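Just so you know, the sequences run in chain order W and C.
According to the working numbering, the first sequence is numbered sequentially starting from 1.
According to the working numbering, the second sequence is numbered sequentially starting from 1001.
It is possible that part of the hints are untrue.
As the list claims (entries may be wrong) - Simulated DEER-style distance windows between Cβ atoms:
1) W:Lys311 - C:Lys1043: 52 to 58 Å
2) C:Ala1110 - W:Phe158: 17 to 23 Å
3) W:Lys21 - C:Ala1110: 26 to 32 Å
4) C:Ala1110 - W:Asn139: 32 to 38 Å
5) W:Glu134 - C:Lys1145: 44 to 50 Å
6) C:Pro1199 - W:Arg226: 46 to 52 Å
7) C:Ala1076 - W:Ala13: 43 to 49 Å
8) W:Phe158 - C:Gln1190: 41 to 47 Å
9) W:Lys187 - C:Pro1199: 49 to 55 Å
10) C:Lys1145 - W:Lys117: 32 to 38 Å
Hints are computed from structural coordinates only; laboratory data are not their basis.
In this text the structure is predicted, and so the values were computed from the model without any measurement.
Note that CB positions come from ideal geometry on N, CA and C, so glycine has one too.
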Amino acid sequence: MNIHEYQAKQVFAKYGVPVPKGIMVESVDAAVEAAKELGGPVWVVKAQIHAGGRGLGGGVKLAKSLDEVKALADEILGMTLVTHQTDAAGKLVQKLYIEDGADIKDELYLSVVLDRKLEMPLIMASTEGGMNIEDVAENTPEKIITIPVDPAIGFSGFHGRQLAFGLGITDKAEQKKIISFASKLFKLYMENDAEMIEINPLVRTGSGDFIALDGKMGFDNSALGRQAEILAMRDLTEEDADEVEAAKYGLSYVALDGEIGCMVNGAGLAMGTMDTINYMGGTPANFLDVGGSANAETVAKGFEIILKNPKVKAIFVNIFGGIVRCDRIANGIIEATKITDIHVPVIVRLDGTNAPEASEILKKANISNLIVADDLGDGAAKSVAAAKQA
Amino acid sequence: MSILVNKDTKVIVQGFTGKEGSFHAEQCIDYGTQIVGGVTPNKGGQEHLGKPVFNTVLDAVKTTGATVSMIFVPPAFVGDAVMEAAEAGIELAVIITEGAPVKDMQMAKAHATKHGMKTLGPNCPGIITADECKIGIMPGMIFKKGNVGLISKSGTLTYEGTNQVVKEGYGISTAVGIGGDPIIGLSYNQLLPMFEADPETECIVMIGEIGGDLEIQAAKLIKEQITKPVVAFIAGQTAPKGKTMGHAGAIVSGSAGTAKEKMEALEAAGVTVVVSPAEIGKAVTKALAK
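If we strip away everything but chain C, and leave its shape as in the complex, we get:
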């Protein structure tokens, strides 16, 4: 078991033949992901990486039966790509592209929701179910199969957290990078219940950062609905106010969105909160030993 994606998930790539799209699609295929085709306008009918190329997402879905799309199109075209996927019947769009305009994401996410499509990202590393399906840009080889579910705003902290969990002798069921933009798709409050329901997952690692209040909302949900142990780290305890820290959404505005308030809320909800990402592995071991 796992959440959202597994070995049977059929995936297409939007922005398939571009440099980034090609490189990462190939890595996904090597990992074992069922990449069944891709979309690049005006290249329909061609073959790329041994898979068919389509002009539109609709053509690709009709022919391949894909349910997930991995999006690599340039930032200015992300909104359009997401809406195209939603109308073509895609169930989950994994948006890797960094730097999509916030206005476009507002429109695209609302449109996706209207059509019942889930979105992940933008500006995220993607999702991986260990040994089964990698949809994104993470280094596949570090994700050993196991019983820890991971949700993170940060790509490299996903790898860091996973690496520590594996070093402690455990592994990952599914790891989900949700991205750190101001408007993102699936977040803690949609993913936590999925991990709660997943029999394979026994512990959840949640990595957040300054800005917004998704972690505060998560604390509320954890208190009410989550029985599995949760280990959390919030990046940016030492970040200055009013400065965007790399991710467009990682900013403490006024007194809102600080690491401190998020850590306190999570602690009050019974979550094991670590002050350094270097402590994630040990905290997971402790949580699973209980």
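Extracted from the complex, chain W is given alone in its bound form:
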């Protein structure tokens, strides 16, 4: 789960990580009021969406008067922002963050991420702030310092020294400030079950202070159950509505561009099914994992979500029953035909636990439009053929 910049900065502030003063608003009038309250003389008007690259997309602009704040708020609020991190359709800006302008001496980069190879958090820092860090990593990898921090030890003095000297900070007062900054950031990373925190840029001001000018945070979904405050920050309007709806029923769904809907048990087999459809010359319309506790209701819901997509010309149900028993899936398919109008061919491949019972159930139900497949390859081929005929 991701949160907005203004929310990340609330978390930062709670832990004493310095951030500029700012106010989140949802209307132009409120933007002007916020600017008055902050006092100026310079403000930054920032689009709040869950994607990076907002500045380049025209979603972050500097205002030098209240009139400019008003004009910019009017311009940015309600615009659809397309950045390198959104899809082509972009994201609608519904919230703005009005922030005090900062006195920027230079821009640094600081992040904490999980290093899967080291199996511990990794602090990454660079003097090349304000740039796309992937470009820095590609072109000048020597300008990125990486400091793994064992969570059993926590952020220790030597980590701080590696960071400060690595960033070329020689002033003792500044060293103390950046070490304190990073130490607090690491603490909040651990305590909130964050998956990643990225501050780009982290600015050094003319007076030698370090401030988080931006803030991005993502969290471990598996830990949200014990992070009530974080969970309360979830903004469902930033997430795909179909994915959210699917998740309510224990289904894991991701929309794609193709024509063949997929309903599969298990994430690996679901990806493998998409790959096979692609290999056979078709295009998958979605990823859908019905999970380990699929029943008639969840399967019916799966059909409903897949069929919301008007591009879908055929549906391939590919189930290898381990925990999920095939007879349950068969009943789900029958149930779904009663609830949803399935107007496209459904290719069904059921194998594993109770597969013979399942095919009996399906045969007895006598559903038109239903094609039975023998195995994965056969099912994918039949699905591709059915989609082409449609």
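We have chain W; now place chain C onto it with these hints.
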């Protein structure tokens, strides 16, 4: 022969009396696994599925001599359960539970390593040595005994791959589901050498997916150490960037962790890489015929 577990392996179940724990422990017992007891706090002294229940793993290990624990406790308690097993002297913890917090797994795995305990999972189907010992949730009846070793991040692709191998007239020595979380226990680079050393295994099937770089590390190891033929499939060639595909670890971030780079690395290491899981069976037949 086989790897890690066999007919003599003594197994306890943590989360024994819960719904999932009970259901799958019973299936394991039916398969022939030596489930020698289980652990559920405050139910010590009772009997469940005809086996003794203990309050702590330490009690269970002392009384039964178990060396493996199959873990079914709820996600929030997985980290604690793994560390308890490690300190009680368990040698291998098979963690079935899905949705364990990543932070807990970092701590638990480091603690397990410190105590010399291997872990498998979390969020995995477990491990099975055909006809001898099933520790997990896989459908036992599809695993015919044979000479193919299998390692997979995905549960259902383990079944799919096994089914094809069996249909081709071969069978499985040991199949290991390693799980698709960001932090997992035993992985390709620990398991591949075990299969290499196992006289019963003649071919290895390795099923990976997008995210992380375990498959890239495996390619390096295969090139240097593995002489037996390896057949690989990497799921997620058609997965979009930046989207988590079901498994918490299955995500292409930026340009890292793509199926393409993994397939290329494995191919360069001499592995037979198939583009669809539907081709696994045939590729194994071809590899074994050589």
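So, going through the hints one by one against the coordinates:
1. W:Lys311 - C:Lys1043: 52 to 58 Å: The hinted range 52 to 58 Å holds for lysine 311 of chain W and lysine 1043 of chain C, with Cβ atoms some 53 Å apart.
2. C:Ala1110 - W:Phe158: 17 to 23 Å: holds, 19 Å
3. W:Lys21 - C:Ala1110: 26 to 32 Å: violated, 40 Å
4. C:Ala1110 - W:Asn139: 32 to 38 Å: holds, 34 Å
5. W:Glu134 - C:Lys1145: 44 to 50 Å: holds, 48 Å
6. C:Pro1199 - W:Arg226: 46 to 52 Å: holds, 47 Å
7. C:Ala1076 - W:Ala13: 43 to 49 Å: This hint is violated: roughly 28 Å between Cβ atoms.
8. W:Phe158 - C:Gln1190: 41 to 47 Å: violated, 31 Å
9. W:Lys187 - C:Pro1199: 49 to 55 Å: holds, 52 Å
10. C:Lys1145 - W:Lys117: 32 to 38 Å: With a Cβ separation near 36 Å, lysine 1145 of chain C and lysine 117 of chain W satisfy 32 to 38 Å, so the hint holds.
Consistency with the previously given hints fails for numbers 3, 7 and 8, ordered from lowest to highest.
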